[in-house]
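For the sequence shown, position 41 matches number 41 in my numbering, and the numbering has no gaps at all.
No wet-lab data here; the hints were simulated from the structure.
In this text, all values refer to a predicted model and were calculated from it rather than measured experimentally.
Ideal placement from N, C-alpha and C gives every residue a C-beta, glycine not left out.
Label-pair distances were calculated between CB atoms; the ranges are: (1) Ile16 x Glu36: 20 to 28 Å; (2) Glu13 x Lys38: 26 to 34 Å; (3) Asp35 x Thr2: 40 to 48 Å; (4) Ile37 x Lys8: 27 to 35 Å; (5) Glu18 x Lys38: 23 to 31 Å; (6) Ile37 x Glu6: 32 to 40 Å; (7) Lys11 x Val33: 23 to 31 Å; (8) Lys11 x Ser32: 28 to 36 Å; (9) Val33 x Thr5: 30 to 38 Å; (10) Met12 x Ile37: 22 to 30 Å; (11) Asp35 x Leu3: 42 to 50 Å.
Computed list of lysine to any residue pairs in SDA-like fashion (alpha-carbon distance at most 25 Å, straight line): (12) Lys39 x Leu19; (13) Lys8 x Glu18; (14) Lys17 x Ile37; (15) Lys38 x Leu19; (16) Lys17 x His30; (17) Lys17 x Leu3.
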Amino acid sequence: MTLNTEIKIKKMEREIKELWQIVGDEIFWHPSVIDEIKKRSRQSHLNLKKLKTAKELFASI
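Taking the hints into account, I'd like the entire structure generated from these sequences.
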């Protein structure tokens with residue numbers, strides 16, 4: 001690999017890590033996103049406690 005390619009790969013890795021931190025933090029999800037997740041997911045796959053907390057946070061804003 002060239003140095004330029006390595007730099008681009010490292011930059012993309014950092015960006016992906018940042019995105020996963022944002023996506024993984026349910027508390028920042030908008031209530032409409034939470035409702036859609038509930039509609040499309042199996043009940044056994046949901047962590048309703050986290051989703052409820054996020055929805056309450058947005059309701060208080």
